[in-house]
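J.: Protein chains in written order, with the numbering used here: chain A, 14 to 294; chain B, 14 to 294; chain C, 14 to 294.
Keep in mind that the hints were calculated from the coordinates and are not lab data. Just so you know, not all the hints are guaranteed correct.
Put simply, identical chains are the same to the list, so a pair is met inside one copy or across any two.
[Unchecked claim] Calculated pairs, EDC-like style, for lysine to aspartate or glutamate (alpha carbon to alpha carbon, straight line, at most 16 Å):
#: 1; residue 1: LYS20; residue 2: GLU257
#: 2; residue 1: LYS119; residue 2: ASP270
#: 3; residue 1: LYS199; residue 2: GLU230
#: 4; residue 1: LYS81; residue 2: ASP201
Keep in mind the model is a prediction, meaning the values are calculated, not measured.
Below are the chains, spelled out letter by letter.
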Amino acid sequence: MSYQTIKVDTRDGLCVVTQDRPERLNARSSQMYAEMIAAFEAADADAEVCALLLASSGDAFCSGMDFKNEYQHAYTVLPEDSEHVAAIKAEFPADDPMTAVVGLAKRFVQAFIRFEKPLIAAVNGAAVGEGFSSILHCDLVYATPNAYFWAPFARAGAAPEFCATVLAPRRLGPTLANAALYFGRKIDVHEAHGAGFVLEILERENFLDEVEKRLQEGLALAGPPELRASTLRSFRALVYSDEERERLYLQADREFDLVQQRVRSGETDLVRQYYASQLPS
Amino acid sequence: MSYQTIKVDTRDGLCVVTQDRPERLNARSSQMYAEMIAAFEAADADAEVCALLLASSGDAFCSGMDFKNEYQHAYTVLPEDSEHVAAIKAEFPADDPMTAVVGLAKRFVQAFIRFEKPLIAAVNGAAVGEGFSSILHCDLVYATPNAYFWAPFARAGAAPEFCATVLAPRRLGPTLANAALYFGRKIDVHEAHGAGFVLEILERENFLDEVEKRLQEGLALAGPPELRASTLRSFRALVYSDEERERLYLQADREFDLVQQRVRSGETDLVRQYYASQLPS
Amino acid sequence: MSYQTIKVDTRDGLCVVTQDRPERLNARSSQMYAEMIAAFEAADADAEVCALLLASSGDAFCSGMDFKNEYQHAYTVLPEDSEHVAAIKAEFPADDPMTAVVGLAKRFVQAFIRFEKPLIAAVNGAAVGEGFSSILHCDLVYATPNAYFWAPFARAGAAPEFCATVLAPRRLGPTLANAALYFGRKIDVHEAHGAGFVLEILERENFLDEVEKRLQEGLALAGPPELRASTLRSFRALVYSDEERERLYLQADREFDLVQQRVRSGETDLVRQYYASQLPS
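In isolation and in its complexed conformation, chain A is listed as follows:
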């Protein structure tokens, strides 16, 4: 399977999805949304895959949604697109751009919520905006000493998304989550580790190798290789129920409603003008 914005490689039962736009600090374009959805769905369906590791090229994990998003890519099938990616794009006709943009974004969040196998993040640097909030859906988070987590939703004229309004309190504790959600507090990796969100801080050198080594040690405890994927999926289904998924889909919708309301009312523009006007002229 070939993609334009990500790399996907499965080794010994572990599917590594690498966000691969280092020149944009791995900001997520619409093309990347469509490709990541496809990669998550393929990994979930692949009986060889026991778990998915989300990683990144370069020195940042993900700088959020790409504001220089090339919308047409989301709706125009590129010659390089796989059938799977093309089919995802076809779900969002470009007639009504706002509906299409929001539809694809929701679909992207749902890909995280719906995923049925252990989901691990290897955070190699800045995790900003949805680069942070999306990994609240990951079962395990490993990070390098230079990693940090920052989502100043209000400053962007947006609103907390990716279910951060329910997942951040669970993953970071309510106090730190409130500071992040309401006051745009940047969380450094040590604070995130102390809060229990980051499992382990690992050196940048050989970071991904060290993460994979730990995951392979874990997979080696999950029985013979052919039983591992189904075993881990059945364990995770007990922790993460379908009722919980329903609640998260609903919460994601509520969050998107607020974002859309802010955009449509003109608030988002007012916020951006306000901060633009503060720049030295």
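Got chain A; can you put chains B and C on it based on the hints?
T.: Quick look at chains B and C alone, frame taken from chain A:
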């Protein structure tokens, strides 16, 4: 607006409510209940106010409910009372003192639950009894090195209140909460910080200035000043839903039921006699 | 009351149940299940008992279910059995061994869920398998420096049990819980303390004395001795509701369903053969 037991000052969108009975270690009298309810309601309704910071005069945060409570103040309008405070008192006619006392106390808890903007506590010393349990409702908690949290409900012949039975496990983790609720464990500020309840420990000197500085830095990320209050309120409504409020009102009622049951059955008196008899004569 | 596999001693309102099969690292046999159920029920019914402390003989806390389980003991009344233990055994007729084994195990989990007074674990060493997951039901956990928590359910061809799939995330935080549940991560005592699960790490020398001292200090704050048991029970009923118990019974059933499904489908045997084949011949 002038109050007898608190000071209220709004600066740059931040409403600072200072508990101001330092000679009683800021123990809360009925008068203080009525005035704090009024101040919370006024801050919530004031479009200029983005967040409320609860602070204290002197070297203690709050030593709990004032057992030397001057009940008549709750039901008798004082010449100095504002119309708002007078109206709150009028809700609780003094014909049936027990009903009035419990009614005002419930109303006070509800003022914390109902509040719709970010609520921050600046804990400058001992937080005892409801001085502790009430700040479980605060989104952020800052504290000085001499602060501690202690609520030996059983020793007072009372019961956990202010929704501590559901909020303490969330804010402190179940283990520490159980130790505090069942075994009257005193929690020092470092333990509370380690548990994620206290966001930051700040020196006593310039404590409030440092807290305000951090909050102002946060508010500066919330868009142009005129949008900040509504933006933060809309974010908080996603984190803290009306369904959750309904659950907390109900839990507060259950807790008050137990307290009243203990008082009415005579248990409370037995407990107080027991500890009084242990004092050196 | 005399037991074969545990010791029970009530002193000053504290019932100490000591798991006493040190030669098997306190692995739990069916006999031990029946006896612990009886001890928990007796402590709950005894008006003198304010709280139950679960402790262990030797250098391990509990190595899990005893795979060398002597099943007949669960269903055959021994001459030494008390009436209470005999009655519990009689609930599980030996006609259908699988049903009886699962029935007794469920009954054992339910004894933890149903217990109405504060439940404390004194973890003096390894807590493995259900030796770990069972203490997720304990309100407080004290531990020695050599203690650790490990439950590689998948490696045993089993599945997470004892409500670990909902309680581990609450007690350890989601990240650490996921690592333990999916990847068989061993959690050392310092990590468990940092996560808030272990309240205090105490030296091995005089460990139980130190734990009891702390609990007695707590009980001394709960009013006159004759009111302590009912007071603590009423506080705990506010924290731990019957609705919550119903959810936990249901979750325990779901977990047992998965274990049984794995056993019946032959997966459990495949897993054991796989690991047996890896041993040096």
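J.: Against this structure, judge whether each hint is valid.
T.: Tested hints:
In the homo-oligomer, the alpha carbons of LYS20 and GLU257 never lie at most 16 Å apart, since the shortest distance is 30 Å inside one protomer and 42 Å across protomers. In this homomeric assembly, LYS119 and ASP270 come within 16 Å of each other (Cα to Cα) only inside a single copy, at 11 Å, whereas the closest approach across copies is 34 Å. For the identical chains of this complex, LYS199 and GLU230 are inter-copy neighbours only, at 12 Å across copies versus 32 Å inside a copy, given an alpha-carbon limit of 16 Å. Proximity of LYS81 to ASP201 under the C-alpha cut-off of 16 Å is found in neither arrangement, the shortest distances being 27 Å within a copy and 46 Å between copies.
Of the numbered hints stated above, those contradicted by the structure are hints 1, 4, listed in ascending order.
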